[in-house]
Amino acid sequence: AQSVTQLDSQVPVFEEAPVELRCNYSSSVSVYLFWYVQYPNQGLQLLLKYLSGSTLVKGINGFEAEFNKSQTSFHLRKPSVHISDTAEYFCAVIGMGAQKLVFGQGTRLTINP
Amino acid sequence: DGGITQSPKYLFRKEGQNVTLSCEQNLNHDAMYWYRQDPGQGLRLIYYSQIVNDFQKGDIAEGYSVSREKKESFPLTVTSAQKNPTAFYLCASSRTYGSHGDEQYFGPGTRLTVT
Numbered sequence: 029a030q031s032v033t034q035l036d037s038q039v040p041v042f043e044e045a046p047v048e049l050r051c052n053y054s055s056s057v058s059v060y061l062f063w064y065v066q067y068p069n070q071g072l073q074l075l076l077k078y079l080s081g082s083t084l085v086k087g088i089n090g091f092e093a094e095f096n097k098s099q100t101s102f103h104l105r106k107p108s109v110h111i112s113d114t115a116e117y118f119c120a121v122i123g124m125g126a127q128k129l130v131f132g133q134g135t136r137l138t139i140n141p
Numbered sequence: 112d113g114g115i116t117q118s119p120k121y122l123f124r125k126e127g128q129n130v131t132l133s134c135e136q137n138l139n140h141d142a143m144y145w146y147r148q149d150p151g152q153g154l155r156l157i158y159y160s161q162i163v164n165d166f167q168k169g170d171i172a173e174g175y176s177v178s179r180e181k182k183e184s185f186p187l188t189v190t191s192a193q194k195n196p197t198a199f200y201l202c203a204s205s206r207t208y209g210s211h212g213d214e215q216y217f218g219p220g221t222r223l224t225v226t
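Top line first, the protein sequences correspond to chains A and B. Residue numbers for the first sequence follow the numbering used here, so the first one is 29 and each next one is one higher. Residue numbers for the second sequence follow the numbering used here, so the first one is 112 and each next one is one higher.
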């Protein structure tokens with residue numbers, strides 16, 4: 029079985045500052061990894077995903093994530109955030125051969141002017 | 112435009128009443144899912160369907176029921192047996208079920224309040 033831990037429940041940052049949202053996973057098999065964003069009172073939207081190949085994955089809205097197999101991490105980064113990035117971010121994992129996508133608890137990103 | 116629609120956006124019911132949440136997709140996806148979202152608890156899987164006329168219980172199926180009579184539709188009924196039904200409900204779909212790297216596409220959600 030897989031599990032996901034998002035290490036920070038809330039992350040406050042100032043506008044135009046860089047941000048990193050941390051995600052660690054546990055799995056005995058190879059995995060596929062996803063980051064989703066949820067704006068208030070909306071559904072989830074895919075930011076990016078790692079399936080294979082390059083460990084640095086670029087997504088929408090200037091976000092990127094790096095897959096680190098040795099540290100079992102998939103941290104999400106953005107070099108300069110905007111007010112519009114205020115949202116909740118979910119990391120998710122599914123193991124190869126597994127059936128179910130497992131979500132982390134979410135990280136609430138708050139951008140202060 | 113392809114996507115997932117959920118209706119209504121907000122739903123209010125009295126305790127003891129069953130209520131059905133609608134979910135429709137025009138993405139031609141085989142798999143569909145229902146999640147429940149509560150503050151600080153992430154997403155919890157209620158039911159999923161790998162293909163039409165098939166569905167399976169997820170992690171928190173008690174007090175819920177579903178049907179999958181058409182590929183594009185996966186309605187969720189919240190019954191009076193569900194002890195804490197007030198929550199945000201999200202429907203999702205994916206091309207296939209299981210670990211093929213297919214991402215899930217989400218609807219806008221229905222916020223259910225039961226008093």
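You may find that some hints are simply not true.
A few chain A residues that face chain B, going by a derived Cβ cut-off under 10 Å, partial list only [what the hints assert, rightly or not]:
no.	residue
1	V32
2	L35
3	P40
4	F42
5	P46
6	S56
7	F62
8	N69
9	L79
10	L84
11	I122
12	A126
13	F131
14	G134
Pairwise CB distance ranges (calculated) [said to hold, decoys possible]:
no.	chain 1	residue 1	chain 2	residue 2	range
15	B	N139	A	V57	36 to 46 Å
16	A	P141	B	P150	30 to 40 Å
17	A	Q73	B	Q152	32 to 42 Å
18	A	M124	B	K120	31 to 41 Å
What the simulated footprint calls covered on chain B by chain A, stretch by stretch (three residues with Cβ under 8 Å from a Cβ of chain A suffice, anywhere in the stretch; the number is not a length) [what the hints assert, rightly or not]:
no.	segment
19	149-157
20	210-217
These are computed hints drawn from the structure, not numbers from a lab. Remember, it's a predicted structure, so these values are computed and weren't measured experimentally. Cβ coordinates follow ideal geometry from the N, Cα and C atoms, glycine included.
Hints and how they fare:
1. V32: holds (9 Å)
2. L35: With a closest approach of 14 Å, the L35(A) hint is violated.
3. P40: Violated - the Cβ of P40(A) stays beyond 10 Å from chain B, reaching only about 17 Å at its closest.
4. F42: Violated. Min distance 25 Å.
5. P46: The hint is violated - P46(A) has no Cβ within 10 Å of chain B, the shortest such distance being about 25 Å.
6. S56: violated (13 Å)
7. F62: Nearest chain B Cβ about 6 Å off; hint holds.
8. N69: holds (7 Å)
9. L79: holds (4 Å)
10. L84: violated (17 Å)
11. I122: holds (5 Å)
12. A126: holds (5 Å)
13. F131: holds (5 Å)
14. G134: Holds - the Cβ of G134(A) comes within 10 Å of chain B, reaching about 5 Å at its closest.
15. N139(B) x V57(A): 36 to 46 Å: With Cβ atoms ~29 Å apart, the hint is violated.
16. P141(A) x P150(B): 30 to 40 Å: violated (25 Å)
17. Q73(A) x Q152(B): 32 to 42 Å: violated (20 Å)
18. M124(A) x K120(B): 31 to 41 Å: Cβ of M124(A) to Cβ of K120(B): about 37 Å, so the range 31 to 41 Å holds.
19. 149-157: Per the Cβ count (5), the hint holds.
20. 210-217: It holds, with 6 qualifying residues against the three required.
When each numbered hint is compared with the structure, violations occur for hints 2, 3, 4, 5, 6, 10, 15, 16 and 17.
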